[in-house]
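Just so you know, we're using the working numbering here: the sequence shown kicks off at 1 and counts up by one.
Simulated from the structure, these hints should not be mistaken for laboratory data.
Where hints are given, some of them may not hold.
[Claimed, not checked] Pairs of lysine-lysine residues, derived as DSS-like cross-links and limited to a Cα-Cα distance of at most 30 Å, are as follows:
| no. | residue 1 | residue 2 |
| --- | --- | --- |
| 1 | Lys-18 | Lys-196 |
| 2 | Lys-61 | Lys-90 |
| 3 | Lys-178 | Lys-90 |
| 4 | Lys-178 | Lys-196 |
| 5 | Lys-217 | Lys-196 |
| 6 | Lys-18 | Lys-178 |
| 7 | Lys-18 | Lys-217 |
| 8 | Lys-178 | Lys-217 |
[As the list claims (entries may be wrong)] Using C-beta positions, here's what the derived DEER-type ranges look like:
| no. | residue 1 | residue 2 | range |
| --- | --- | --- | --- |
| 9 | Gln-125 | Gly-173 | 36 to 46 Å |
| 10 | Gln-125 | Leu-224 | 36 to 46 Å |
| 11 | Arg-207 | Pro-94 | 41 to 51 Å |
| 12 | Gly-145 | Pro-205 | 17 to 27 Å |
| 13 | Gly-219 | Glu-120 | 39 to 49 Å |
| 14 | Arg-207 | Glu-119 | 37 to 47 Å |
| 15 | Arg-55 | Ala-227 | 39 to 49 Å |
| 16 | Ala-227 | Cys-96 | 43 to 53 Å |
| 17 | Glu-119 | Lys-217 | 40 to 50 Å |
| 18 | Lys-196 | Asp-56 | 32 to 42 Å |
| 19 | Gln-125 | Glu-29 | 16 to 26 Å |
| 20 | Ser-222 | Glu-29 | 27 to 37 Å |
Don't be surprised by glycine CBs; every beta carbon is placed ideally from N, CA and C.
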Amino acid sequence: MQTVEGICLTAVVYQELKVLWDYMRLDMEIQPADCIIGFGCINDTIPVRCAQLYRDGYAPKVLFTGGLGRNTLGRWSQSEAERFAAVAVKHGVPECAILLENRSTNSAENIRFTRDMLEEAGLAQGRLICVHKPFMTRRLYAAMGVYWPEADAMFTSPQITLEEYIRNSVDQGLTEQKAIDMIVGDFQRIEVYAQKGYQIPQEIPSRSWEAFHSLIKQGYTSELVEAI
Numbered sequence: 001m002q003t004v005e006g007i008c009l010t011a012v013v014y015q016e017l018k019v020l021w022d023y024m025r026l027d028m029e030i031q032p033a034d035c036i037i038g039f040g041c042i043n044d045t046i047p048v049r050c051a052q053l054y055r056d057g058y059a060p061k062v063l064f065t066g067g068l069g070r071n072t073l074g075r076w077s078q079s080e081a082e083r084f085a086a087v088a089v090k091h092g093v094p095e096c097a098i099l100l101e102n103r104s105t106n107s108a109e110n111i112r113f114t115r116d117m118l119e120e121a122g123l124a125q126g127r128l129i130c131v132h133k134p135f136m137t138r139r140l141y142a143a144m145g146v147y148w149p150e151a152d153a154m155f156t157s158p159q160i161t162l163e164e165y166i167r168n169s170v171d172q173g174l175t176e177q178k179a180i181d182m183i184v185g186d187f188q189r190i191e192v193y194a195q196k197g198y199q200i201p202q203e204i205p206s207r208s209w210e211a212f213h214s215l216i217k218q219g220y221t222s223e224l225v226e227a228i
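Model the full assembly from the supplied sequences, consistent with the hints where possible.
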């Protein structure tokens, strides 16, 4: 067993999950920018990372995007953007430096509505730092390639391990199974959404597909966008 502070995974699950995690994580070298964008979800490590980047002087503005999505609708009464902003303030970001987009319900809307808001603020042509969950950064990059291809954007995530991500998810009310299901489901979306035109295509290594199908056989299926 792989045991981390109460999180228990079989060796096989951990090994296969780590393959997906390493492929889906896309952390670029960060340079000074005009705005940091924190993409909404259930994990509050994102606004903590945004606050760190702000305190380190990487950008003078932070925009949080997200209404209530597939994992927060019915769980939270406050929008993802508003919740993240409150966390960021606690970690040193002044309210005057924060912009909120609190209507979006999926990644495409996150991008389109954020683009509209930054255009109004005169920041859309500037350099952007996009922050999402580690396993969502590749998907975000691919979605930006469709919905905002001209953006001068860098992509990063909270600097946490797979084990820390699962532990944080459990702390925020998800089960360990659900946290893993989300990674497996988002991996599948890399191909399915590219076929639908929602993302630009990404080369997927055969080893990643092997890990995906192994996890499917072990029952991690609740977040699949299409049945296998």
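Evaluation of the provided hints:
Among the hinted pairs, Lys-18 with Lys-196 is consistent with the structure: their alpha-carbon atoms are about 27 Å apart, no more than 30 Å. For the suggested pair Lys-61 and Lys-90, the alpha carbons sit about 16 Å apart, so the restraint of at most 30 Å is met. Our distance criterion of 30 Å between C-alpha atoms is met by Lys-178 and Lys-90, whose separation comes to about 28 Å. At roughly 25 Å between alpha-carbon atoms, Lys-178 and Lys-196 fall within 30 Å of each other, so this suggested pair holds.
For the proposed pair Lys-217 and Lys-196, the alpha carbon gap of about 25 Å is at most 30 Å, so the pair holds. Restraint check: the Cα-Cα separation between Lys-18 and Lys-178 comes to about 16 Å, which is no more than 30 Å; the hinted pair holds. At most 30 Å may separate the alpha-carbon atoms for a hinted pair to count; Lys-18 and Lys-217 meet this at roughly 16 Å. Between Lys-178 and Lys-217 the alpha-carbon distance is near 16 Å, which keeps this suggested pair within the 30 Å criterion.
Here the CB-CB span from Gln-125 to Gly-173 is close to 39 Å, well matched to the stated 36 to 46 Å. A hinted range of 36 to 46 Å holds for the C-beta pair Gln-125 and Leu-224, which are about 38 Å apart. Taken as a hint, the range 41 to 51 Å holds for the pair Arg-207 and Pro-94, whose Cβ atoms sit roughly 45 Å apart. Gly-145 and Pro-205 have their C-beta atoms about 19 Å apart, which keeps the hinted 17 to 27 Å range intact.
Taking 39 to 49 Å as the suggested C-beta distance range, the pair Gly-219 and Glu-120 conforms, at roughly 46 Å. Taking 37 to 47 Å as the suggested C-beta distance range, the pair Arg-207 and Glu-119 conforms, at roughly 41 Å. At about 45 Å, the CB distance of Arg-55 to Ala-227 agrees with the hint of 39 to 49 Å. Separation of Ala-227 from Cys-96 is about 48 Å and conforms to the stated range, judged on CB atoms against 43 to 53 Å.
For the pair Glu-119 and Lys-217, the supplied restraint of 40 to 50 Å holds, since their beta-carbon distance comes to about 46 Å. Lys-196 and Asp-56 have their C-beta atoms about 37 Å apart, which keeps the hinted 32 to 42 Å range intact. Separation of Gln-125 from Glu-29 is about 21 Å and conforms to the stated range, judged on CB atoms against 16 to 26 Å. Between Ser-222 and Glu-29 the beta carbon distance is about 35 Å. The supplied range of 27 to 37 Å therefore holds.
Going through the hint list in order, the structure satisfies each hint without exception.
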